[in-house]
Amino acid sequence: MPFLTIFTAPKPFTNPHIAIIQRNAIQSWKQLGKDVSVLLLGDEPGLAEAAHTLGVRHLPGLKRSPQGTPLVSHIFELARLHSDSPLMVFANADMLLMPDLVKSAIEVIDQSSRFLVVGQRWDLDVKQPLSFGPGWDESLRRDVRKRGRLHAAGGSDYFIYPRDCFADLPEFAIGRAGWDNWMIYHARAHQWDVIDATPSIMAVHQDHDYSHLPGGQSHYNLEESDRNRLLAGGKSHMYILLDANKRLVEGRLRRPPRSLSRLLR
1 MPFLTIFTAP KPFTNPHIAI IQRNAIQSWK QLGKDVSVLL LGDEPGLAEA AHTLGVRHLP
61 GLKRSPQGTP LVSHIFELAR LHSDSPLMVF ANADMLLMPD LVKSAIEVID QSSRFLVVGQ
121 RWDLDVKQPL SFGPGWDESL RRDVRKRGRL HAAGGSDYFI YPRDCFADLP EFAIGRAGWD
181 NWMIYHARAH QWDVIDATPS IMAVHQDHDY SHLPGGQSHY NLEESDRNRL LAGGKSHMYI
241 LLDANKRLVE GRLRRPPRSL SRLLR
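Residue numbers (our numbering): 1 to 265.
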């Protein structure tokens, strides 16, 4: 039985650059060892072929919004039903993940039973397929330290949680604003540990444009983002990383440091 299952609902593989960065991400997950299972969900063009080529499981048949966008609730439900891992990891399909994610997950589960692990991402311009030979993760780390940019503590691109958490989600549209904020709100409202793992997990987002979205505009301004925020309960439920009540630092859960930004939340 794998220790954790990483699951995602990729974008179509029709845009050559999107196809490259999604393949890079999925291959990075496959390098994390036998304790990690990878699951791709959806019916997007090129997805079934990519899953077959990469040697990972694929589940089609996602429920969709009236606009045709896959629903977060069904993504999470299918991932849970088709895995037996004690921990689940949702990650956006452009996120490069390294062994520090597995190490951190083990450290967290030894100290907490109900939790949500989130963290800031590093942004990196990636145009070509990456090599995943020996030492690939250390090579990537060096590149991120040289060229990468630490993203603001706003949206979240990965979530680690026990499989029995988040069993009942609103019908959010994936890839739109608001639902990731609700995840943090929901965990805090249920008095779970919300753990900022930025000091321990280097999660790398590969830069891309928004040509896959209507009008090529950022998802923040789309109608489905407005609906997501409404389903989440409005502005008061738009929690961010600054609302985490724990940090994972050197293997231990600690209280986050006091800061003006946190006090103003």
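Simulated from the structure, these hints should not be mistaken for laboratory data.
All figures in this text were calculated on a predicted structure; none of them were measured in a lab.
The beta-carbon is built from N, C-alpha and C at its ideal position, and this holds for glycine as well.
Mixed in with the good hints there might be a few duds.
Ranges between beta-carbon positions, derived for each pair [what the hints assert, rightly or not]: (1) Asp207 x Pro12: 27 to 37 Å; (2) Leu242 x Asp84: 11 to 21 Å; (3) Ile106 x Trp136: 35 to 45 Å; (4) Val249 x Glu49: 16 to 26 Å; (5) Pro60 x Asp110: 14 to 24 Å; (6) Gln191 x Leu242: 35 to 45 Å; (7) Gly133 x Lys103: 12 to 22 Å; (8) Asp123 x Pro99: 14 to 24 Å; (9) Gln191 x Gly251: 34 to 44 Å; (10) Glu171 x Gly135: 40 to 50 Å; (11) Lys30 x Leu81: 29 to 39 Å; (12) Arg141 x Gly251: 10 to 20 Å; (13) Gly55 x Pro16: 13 to 23 Å; (14) Arg142 x Gly33: 16 to 26 Å.
Simulated pairs of lysine-lysine, DSBU-like, Cα-Cα distance not exceeding 30 Å [claimed, not checked]: (15) Lys146 x Lys127; (16) Lys30 x Lys103; (17) Lys127 x Lys34; (18) Lys63 x Lys30.
Subject >> Hint numbers contradicted by this structure >> reply: 1, 2, 3, 4, 5, 6, 9, 11
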